[in-house]
Every structure is written in structure tokens, then in C-alpha cells.
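Student: Following the hints, put chains Y, H and G in place on chain R, whose structure we already have.
4 protein chains.
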Amino acid sequence: MSSKYEALKQECFEANIALNNLGLVIYTFGNVSAVDRDNGAFAIKPSGVPYEKLKPEDIVILDYDNTIIEGSMRPSSDTKTHAYLYKHWEHIGGIAHTHATYSVAWAQAQKDIPIFGTTHADHLTKDIPCAEPMRDDLIEGNYEHNTGIQILDCFKDRNLSPEVVEMVLLGNHGPFAWGKTAAKAVYNSKVLETVAQMAYLTLQINPEAPRLKDSLIKKHYERKHGKNAYYGQ
Amino acid sequence: MSSKYEALKQECFEANIALNNLGLVIYTFGNVSAVDRDNGAFAIKPSGVPYEKLKPEDIVILDYDNTIIEGSMRPSSDTKTHAYLYKHWEHIGGIAHTHATYSVAWAQAQKDIPIFGTTHADHLTKDIPCAEPMRDDLIEGNYEHNTGIQILDCFKDRNLSPEVVEMVLLGNHGPFAWGKTAAKAVYNSKVLETVAQMAYLTLQINPEAPRLKDSLIKKHYERKHGKNAYYGQ
Amino acid sequence: MSSKYEALKQECFEANIALNNLGLVIYTFGNVSAVDRDNGAFAIKPSGVPYEKLKPEDIVILDYDNTIIEGSMRPSSDTKTHAYLYKHWEHIGGIAHTHATYSVAWAQAQKDIPIFGTTHADHLTKDIPCAEPMRDDLIEGNYEHNTGIQILDCFKDRNLSPEVVEMVLLGNHGPFAWGKTAAKAVYNSKVLETVAQMAYLTLQINPEAPRLKDSLIKKHYERKHGKNAYYGQ
Amino acid sequence: MSSKYEALKQECFEANIALNNLGLVIYTFGNVSAVDRDNGAFAIKPSGVPYEKLKPEDIVILDYDNTIIEGSMRPSSDTKTHAYLYKHWEHIGGIAHTHATYSVAWAQAQKDIPIFGTTHADHLTKDIPCAEPMRDDLIEGNYEHNTGIQILDCFKDRNLSPEVVEMVLLGNHGPFAWGKTAAKAVYNSKVLETVAQMAYLTLQINPEAPRLKDSLIKKHYERKHGKNAYYGQ
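The listed protein sequences correspond, in order, to chains R, Y, H and G.
Going letter by letter, the first sequence gives residues -8 to 224 in our numbering.
Going letter by letter, the second sequence gives residues -8 to 224 in our numbering.
Going letter by letter, the third sequence gives residues -8 to 224 in our numbering.
Going letter by letter, the fourth sequence gives residues -8 to 224 in our numbering.
Extracted from the complex, chain R is given alone in its bound form:
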């Protein structure tokens, strides 16, 4: 008995496995989801399952209000955050959450990651935002749902677009990244971890290191993402 979500489950499965292969997670840490906009549903990793044991049929399908459509396992404990982001950001196709080392270190330091170089500007034009830790009353409420609100509030306060800035740090917690596909969300998680390590080292070598200047930010972002982009095939 096949499901109309077979391909979505497979996409989600492969993205979760990639997260593990890229060294961004250990044990059962982290989770990736993928969305099917036509059916208003998304696929996500089941909670607490080691990547080594994960199978495509374990992937859980839910709607944007967290009702399970398919799957016998409990979905990731972070599911409500994914659902909230899919509901409110209609253009994203996949989301990844990790506890990758350097990304978490910046989140725990409660610091935005400054844009120091072209590796960063090849992917986004802004400092990578670190959202403030959540208010106590929100933590005690619907925590994972409120994590979604926290991310959107951060982007609203700073006037950021989720199509330009495809990643965020949650203060004291860790990174979320997203993109047009689940694979792109995983890619952005890896880029974030790389940029986080480079920025850390940059400040160790030169605590007065200047931010990248606007002309270089613009040049590198535009050549990859602008109207006249000439990067890639």
C-alpha cells in the first residue's frame, strides 16, 4: 500500500542522513523536515531515533497544525517549530536543526555572527542573527510553537527576509536553517557551521577585525544570487 508521500519521506530521510554524514550531529541530536506545499503537509524525523537506524518509512507526515497524517512513530520534539515556520513562511521548502559545535558556541555566547568575509557574503548579506533567549512565560507555555514565534519576531524586529537570510541562532540553544529544499536547509546548516568557525578564529587572531565592506558584500552575494549571477551552471 503505497502513500502519496513516499517521495517526500525519501527526501526527508536523505536530508537527515546527510546531516549526520556532514558531522553536524551526534546520536539523536538534530532533525530535518521537508514540505509538500500542494498537500499542505510536511515530513519530519521521528524523535530520538539514531541516524544509523533511521529508515524512510519511519518519517512522520503532519499538517501545519501538527496533526499526524501518516506514521506510527512520535515526531521530533521540535516539530511544532517546523510547523510554525512552514505555516508563516510560504516560500521555504525544508528546515534543519542541529547542535553543531561552533554554531552552538555563538548561540551560547548570545552573539550575532559578524560578516567578516566572502565565504559569508557568498550566502547572505547580513550578520547571522542570534535571537534573544525566550521570555519565561513563553517557555512555560507551548515551548516549541513559541520557538517559531521567537524566530519570526527576531526577523521582524531586525527587518530580515527569510529568503535572504536562511539561518538563525536561538540564544543558549542552537541553529535553525532553511531553504527551498530539505537538502538546501542541510547545506545552509553546514555553511553556517563553517562560517561560525571562521568568525571565531578571526576574532581570536584579531579582536579588532573589521566587518566586510558593503561593496564586497554586494559583489559576492550578487555574483551568486543576483539578476546577473554568473556562479554555477
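Hints are supplied without guarantee of correctness; some may be wrong.
Which copy? The list can't say, so a pair holds if one copy fits it or any two copies do.
Only pairs whose alpha carbons sit at most 25 Å apart, straight line, appear in this in silico SDA-like list of lysine to any residue [what the hints assert, rightly or not]: (1) Lys175 x Asn133; (2) Lys71 x Ser38; (3) Lys215 x Asp49; (4) Lys102 x Ile208; (5) Lys78 x Glu135; (6) Lys71 x Gly217; (7) Lys218 x Asn133; (8) Lys71 x Glu154; (9) Lys175 x Tyr191; (10) Lys218 x Ser63; (11) Lys44 x Ser68; (12) Lys218 x Gly39; (13) Lys78 x Asp56; (14) Lys117 x Glu81; (15) Lys209 x Thr116; (16) Lys71 x Glu(-3); (17) Lys181 x Glu61; (18) Lys181 x Leu45; (19) Lys71 x Asn137; (20) Lys102 x Gln224; (21) Lys209 x Ser152; (22) Lys147 x Gly84; (23) Lys181 x Val40; (24) Lys171 x Tyr55; (25) Lys171 x Ile60; (26) Lys218 x Asn137; (27) Lys204 x Tyr134.
Source of the hints: derived by calculation from the structure; they are not laboratory data.
None of these values were measured; they are calculated from a predicted model.
Tutor: Structure of chains Y, H and G alone, referenced to chain R:
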């Protein structure tokens, strides 16, 4: 001629191999034990044997007073510490000791590892304690037995429960971790090493980084370990 | 239908794969080229192709004025920098560009890498230069062509020879390295990354660490590269 | 036509390969030798040969005055240092030299590695000495021979025994380690690199970290190396 400890030896063997595969030890450093509460006996790695050459039948079986029950090899030089912990902490099922890099660095720095984020709070609600280096007269006495006393004293002084805090740093030495099984003790050793690296980086990025606030500590610990836990299957 | 550039494409392909195997790049970052001086042409990685999918026949052949001679794919976005260097530095045979972590950190810190030890002096006698970020009007112009100019200007200003110093950092960007062959350019990229990490750690341990003294610089460089060199076969 | 040095060449070959497998060297960096005291000869890696291409028959045999006994390749450029140490330290059986990252960083920082913990004390009771950079007139003379003198002078000045302290850092250069066999010299190189990283991290976490106290130094060294040692089989 089979032994009633075959399964225990196999569990202990696999946990020791996992320690090596996780990059927590080099050469013959480290050791893991597993306990059989029904028979009042525990299994431990033989002393000085490289992980590559270790076989299940090399594992040594002892009682809580360090009398060898089975095995032709000399048990780990840290055996008396394991025995002491099993004798006094009746609920633990496995113990792991490593010289993992970041854990040792904090132990050598003689600093508790502050709880900076949710990766930490997913596993315990307290700073990871660093026990003071042992008194000279105890070092010259029954050293490994006294290491057990040192760990229990540290937990008593700080009013910590070994069921909530499943890890400790010994000042100038390194980490011990434990859990319901030997596999869980190894898991906790890896978590400790990961948290130790994250905390180190956090302070490098922001020497004024605040501890995680109580509401987030409680939320993350409870969702994984509380009465209404919803993490895992 | 064979091409007279088959061997050149293969050399370029293998050097790009080596860049990936040495851990100097992730995803599609980085690029290596190899030159055929007899035919006034060079081979370079196509833009945005993952190393795992790269095939020798994907390699693009161009002349020093960036006209494509062979190949159906778009060449690396950094192609004009390679062309400029080949045109003006007649003795180099290969060029590699990476975003390797420690090299980028020094570039982002806008600091030359001081010569602290013999690992450095075995390969070059000077601090590894970090070129200043480009002027805004040059960035807005023919950027990758001007990157070539920027590198040559840096070498002219500092009176450096590209045959002795086979590497440079571009401020806020990352490293370029070159050599007699594409394989040597990759080798120099790996040496640069290693020396960059060692120099970073040296300053962390001792912020007052002195530069290597001239007699040791000369000795180590000469025994490997001098008239009476006695290193190698 | 077999040689009486077949076994020695094989031992030397395997130790060199181990150096590479342990991540202590890249490319052609580093070299290991093994001595045959009965025949007054030692085996050493040929100069500039990549570890991937090294074969047992490439190993060169020399006497303590650097005369080649067997082998068609040029021996390591550091051969005279090995010869000098074998000639003057009659109890050592193997020597390893690397440019391992953390060991080199301490050498470039021109700092002894303080004994901060039991990982260090399990192997030696002293700070790991960093010999001062060589005098200019000695550098210009018989450099590698004088490197041997430099090491012995350092041990004499500090009243150290090469049987207790089996490793040294050469200021601005890197580590040499030795032991009863070539395999033990490689083991000591890995221990040194591990201890170097731990000491670096310790000082980053706590710049005021105290040295390990004498009672713990003695206890850990004695339980592994003393008359009543009880570590190992």
C-alpha cells in the same frame, strides 16, 4: 565451557569498543565496566590492552570488593574506583573513564563546566562538577579506592544526585561518567566531551557569557526526563 | 574524438579531487587550474560543480584572455583571476583557490602570517602576505580580473617574487596558491593551511612569540631549495 | 639476496607508516628510525618520499657516523641528528621526528609544556622541555649534527634523563621523541601531541591553572613505570 557472565562480558566489550570508535580514547587509555546486580559482579576492561586487540573473553569479572571471579588478565588499574561506585551507588549499571581532550582540559583547569545551553540541559540541570585534586595522604594510600571516595564526597558536598548528574571531572585527571547501562555511560562520556568543547568555545567568544536561565534548564531537562517527557519513542 | 588537451584536463581534474580529499574545501567551494604553456591555454574546474560529481571531461579549456577553447560548461567564477596570473607570471604551471578554515581566518583578520618556525621556512622565507581588500571602484568593475591585479600589486609593493612566495591571502576573502604544476599548487594550499593553524596556535600560547631568526630561515629554505639542497631524492 | 637488516627495515617501515596513520604528519614531513645495537647500525626513512609510496626496501641503513651501509636512496635530511642521539644515548632503540600541529605550536611559542595532569604524568614526571633555538654559528655549521648536540645540551643543562623524559621540543622547529623501540618513539610522539593540545586548552580555560602536584605526579608515574607498577599485563 560457558560462563553465566558471557552476556555481561559482551556488553562490556562492546561499550569499550564504542569508546574507541567515538574518538574518546587513544591507545590503551580509558576503560568501561558493566554491572550484573543479581550476581553482585561487574565486568571491566583488562589493563593496558589496545582496543584493536581486545576480545570479549579478555574482559575480567570481579565482585564489589575487587576479588576476581573470572578472567586470566589483570583488570584495569582503575578497577577499585569502579567497584567503589557500584557498591555505593546501587542504581548505576555502567561506568566509563576516558582522557578525552576537552574534558581533560577542564579537569586540568580545575573548573566546573558551566551550564551554558540546552545541549547541556538536555542531559543534566547542574554545572558539571570538577572534584578537587585528592589530599596527599589519600593519594599515597589506596589511590583508586580513594578516587571513589573522592567522587562520592564531591557529590555529598554539593548535594548532587548520581541519578541526575551522571558525570564528574576529577581535578588534574579527567572524566568519569555512568548510567543505567555501560552503553549509556559511554553516551554520557561523549555528551560530556561535546559540552566541554562547546563551553570552552563559548567563553572564548564571550568571556561574560551568562549561564542558562532556570526556566530553560527546567524546560529542556523535563521534556526529555520529566514525568511528561515527550522526547523519544 | 580526442582532444590535445586530454592530459591537461586529467591533470586539472586530479588536482581538484586532491583539494577535496585533503579537506581544504566543502561542497563546490574552491577551484584548481593547470596551464599548457606550449598552447597558451589553461584548464579549470567548471563553476558550482560538486567534487563528487566532477568528471575529467567537465574541465573547461580557455586562453589567457578568457576565451573558451573547449568545454560545454561555464568555467569557475574565479577564472579571470587565474588567466591574469598565467598571463603575467610566466613560470607558474598551476593555481589553486580555497576557502580553507585557518587560511580564511587570517585573511579575515587582515594579517600577514608571521614566519614562526621551520615548517614555514621549509617552504618560503617571508611572512605570507595578506593583500588589502580591493578598492571599491575595482570591485564594481571587472572584479575577478582586478583580483589578479590586486595580487600582482601586492607582490610588487612588497618586492616579492612569485617563484619564492607561492601563496597569498586576499583580505576578507581567502588564499590563492600556485606552483610549477597544479599538484604543487594544491600542495602549497595544504602547507599554507597547516602553517596558518600553527601560527594561530603559537600566538594563542605566546602572544609575544618571536619571528624565526634569519639564520634558521636561510638554513631550512636552502637545504630544501638552495643550490646545495640535500632534501629529497 | 637477503640482508641481515630485513627485520630492522620492516620495523622502521611500519613505524613510519604508523606516524602517518596517526595523523602526525602530512606529505613527506617527519621521519622515524630504528636501531640495531648488535650491529651498530640504524634504519631510517629516505628523504622526501611520501608515506603512501614508501616501501620496506626503500629504508636506508647507516652506522652512527652516517656512513650508508645499505640502500640506494638518500636518507632523511635529519639523519645526522638521529645518528648523534644513537651514538650518545645507548639505551634508546628508536627515534621519531614530526611537525605535528600542537607540538610545533609550543615549539614556536618557545615554551616548555607544563605538567598539568595525569595524562602527562602517566608518561613523564617533568615539563616537556623546549630547547632554545640554536646559536647562529652552529646553524651555519653541521646543522643536523649540531641539532643532536643541542638536544643533549638541553638535557644536561636541565639535568634530565633520556630514559625518563623521552621527548623534547626544538625551539621554532618541532618535536623529537624516542623510546626502547621505533614503535615506542611513535607512541611517544602521539602522546606528546595529545598532551600539547590538552595543555594549550587548559591555559585557554584557566591562564592560572596550577601544575600537577608532586604527590599525583609520583603516583601516576609509579603505577605505570615504578618498581611496583600495576598497569598493563
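Student: Checking each numbered hint in turn, tell me which of them this model violates, lowest number first.
Tutor: 1, 17 and 20
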